[in-house]
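Enquirer: Read off the chains here:
Protein chains: 2
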Amino acid sequence: MSVTIDDIRAAADRLAGHIERTPCRPSRTLSQITGANVWVKFENLQFTAAFKERGALNKLLQLSASEQKRGVIAASAGNHAQGLSYHGQRLGVPVTIVMPVQTPVVKVEHTRHFGAEVILHGETYDDANAYAREICNQRDLVFVHPFDDADVIAGQGTIALEMLEDAPDIDVLPVPIGGGGLISGMATAAKAVKPDIEVIGVEAAMYPSFTARMRGFRPNIGGQTIAEGIAVKTVGELTYAIARPLLSDVLLIEESDFERAVALYVNVEKTVAEGAGAASLAALLAYPERFRGRNVGLVLCGGNIDTRLLASVLTRELIRERRMTSFRIIGDDRPGLLATVSAVIGGAGGNIIEVSHNRLSLDVPAKGAEFDIMVETRDSKHTDEITEALRQHGYPPRTI
Amino acid sequence: MSVTIDDIRAAADRLAGHIERTPCRPSRTLSQITGANVWVKFENLQFTAAFKERGALNKLLQLSASEQKRGVIAASAGNHAQGLSYHGQRLGVPVTIVMPVQTPVVKVEHTRHFGAEVILHGETYDDANAYAREICNQRDLVFVHPFDDADVIAGQGTIALEMLEDAPDIDVLPVPIGGGGLISGMATAAKAVKPDIEVIGVEAAMYPSFTARMRGFRPNIGGQTIAEGIAVKTVGELTYAIARPLLSDVLLIEESDFERAVALYVNVEKTVAEGAGAASLAALLAYPERFRGRNVGLVLCGGNIDTRLLASVLTRELIRERRMTSFRIIGDDRPGLLATVSAVIGGAGGNIIEVSHNRLSLDVPAKGAEFDIMVETRDSKHTDEITEALRQHGYPPRTI
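Taken in order, these protein sequences are the chains called F and B. Here the first sequence is numbered in this note's numbering, starting from 3 and rising by one per residue. Here the second sequence is numbered in this note's numbering, starting from 3 and rising by one per residue.
Here chain F stands alone, though its shape is the one from the complex (with noise of 0.2 Å):
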């Protein structure tokens, strides 16, 4: 059992009209950047922000007359079940969806609002899908796996057509890989279609799976990643033995690529990826040397990210970028201290946000004053600036 070509082709034929054919588009701007040439398929404008669709979708649509109508099952609390109900509903194929307990009622609702039946058991990921292999044969389902399934990895692969049907001169696609449906997919249409490009992986640092299995180790796996989408303790059997002969390598990437990535697709290209998503851009900032005067072709897979996780790394860039910096300042503990130090850092246009008394600390004199200013500035000179007023006015501050 394998993937070919042809499957994907027809795939496209099965899906063409009923999910979004998204543009891919040159970026000036990242390639300026990165010193690549940068085309980004935005896989993010699907109606469930993300690639999901297309394997669900196929799978769907070969299904029985009578499978069609006993309905199909899955667990997951991510874009799968986003996918596979939307098209469920639209087909009428009844969808049951088995999600952890500890779900957020936001995408338990999303996802019955695509008509599914959500059923919550288990603590984590593998109970519920336990569960779900359980129901599945209760009540005769069809399951959908979200990755280790011909059909759908046949329909994430014709993401690769569209991007090379647009943009012909690619020449290396960095891929996400969680479960390996995505590239599996996507290396078997991209190598049949232009066999001479490179398909290179990319993972979580913290989710090494396909690593693991091609080196031969048995990692660390775990940990809390801002690309949950691909946190995937195991790689798939069938994507990995797809996979593996196709590609030329698998770059591992830590949470602060991840996070650049997600802040340069709002910044530079107004658009919102997931961590997950931004996996491929996150690639060539953290190894500029392995695509540098090449033609990128990057899969933005996916724009679901919580709003309080963008909001934070949105602000972790402002500190990266010292637009926002904490002063500790250390003083003798008289009346006007604050005021002294605050007028300084308003008379040189600092914004002050936040103040903490840290009377306390047995690193300041007994009657010293020890306290962190958060200050918002302009850029990183306008910082210098301030500390320089600071340090001129008798108050050197240590930036924490």
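Please note that a few of the clues may not be correct.
Claimed, not checked - What follows is a list of derived Cβ distance ranges for each label pair:
1. 390/B <-> 258/F: 33 to 43 Å
2. 396/B <-> 49/F: 43 to 53 Å
3. 19/B <-> 328/F: 21 to 31 Å
4. 354/B <-> 119/F: 33 to 43 Å
5. 340/F <-> 243/B: 53 to 63 Å
6. 401/B <-> 126/F: 30 to 40 Å
7. 125/B <-> 125/F: 57 to 67 Å
8. 354/F <-> 107/B: 16 to 26 Å
9. 256/B <-> 247/F: 58 to 68 Å
In case anyone wonders, no lab produced these hints; they're calculated from the structure. Just so it is clear, the structure is predicted and the values come from calculations on it, not from any experiment. No residue lacks a Cβ here, since even glycine has one placed at the ideal position from N, Cα and C.
Guided by the hints, dock chain B onto chain F, whose structure is given.
Expert: Chain B in isolation, oriented as in the chain F frame:
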């Protein structure tokens, strides 16, 4: 002197191939939320992320050879500066931009990056503008007004041509008004192509300059709006004369609706709008009855929102949705109070992100303690559960 549909068609021919033919897509989710049939024109996908390129380029392309050599000048710290500088550089026309002294260096550098000479002068926009007029005369340059100029207006009008080409069913256009360049161009084009279309102006409630002129009153204009791109104190003469007879009404938008619109664009459309860029959607949210059941074309006219502002808008949206809540707890000031309350919140699945003590507050008994705990929750139902848990443990919280 006026602007005709022929001027706008001529502008469209001039611009073709030199600006992005941005997509105009229907939005099912925004339609569902607002009860109207909504299309969105993504002008934030222009290279400089705003529609201003159209007017600026239409102006540049009509300069005489001698004018092109001498160069152009404008006062702007925003999208007009970027659009003019970018196309000036492309065409080899020298561009001078005057900005107020306090302009963030990042904006200065963006503009210099496009080869413009940036002069920092004056405290306010008006000061910078007066100085630009002076330099213009001294150096014999061509002044490119950001809105009150027939060629600029004709350029902006091309947006409406494209929208009605892509979505001929649109029957009402709510269009942001700052100085009036966008709406006078778009209304001229739309009414010529489809005489029974309705064009409605949209102004920030803090800057009702068009409304004031129309209704003959002198309002208190000013204030910190997130729609800084349309925070213009005086509408143009030419733009007013053109637009006034073509508009059925002007709607005023409060800050909270701008914020909701920016957040909706991020959450639903996965796209980044600046405050002024989200004004059309804000109008739909603020006055749903005006648009219900109709075919509404929204022009998302710019995406250059400050990162810090965007992060803050998204965070405020979480507070509005009650996914971030500050609980005020009053208890007895004994060791272990915070531990108990934290345990209750943690046990109910809430995530404490900030604690502040107000031991000295007079509305607390002398031997009591008061503190505010900022908690992240999954959703508003979860917030209710945590409130209830605190109540049951004897610490009924006040929400702030």
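Enquirer: Now tell me if each hint is right for this structure.
Expert: Structure-based check of all given hints:
no. : hint                        : result
1   : 390/B <-> 258/F: 33 to 43 Å : holds, 39 Å
2   : 396/B <-> 49/F: 43 to 53 Å  : holds, 48 Å
3   : 19/B <-> 328/F: 21 to 31 Å  : violated, 49 Å
4   : 354/B <-> 119/F: 33 to 43 Å : holds, 34 Å
5   : 340/F <-> 243/B: 53 to 63 Å : holds, 54 Å
6   : 401/B <-> 126/F: 30 to 40 Å : holds, 32 Å
7   : 125/B <-> 125/F: 57 to 67 Å : holds, 59 Å
8   : 354/F <-> 107/B: 16 to 26 Å : holds, 20 Å
9   : 256/B <-> 247/F: 58 to 68 Å : holds, 59 Å
Violation of the numbered hints given earlier is confined to hint 3; every other hint is satisfied by the structure.
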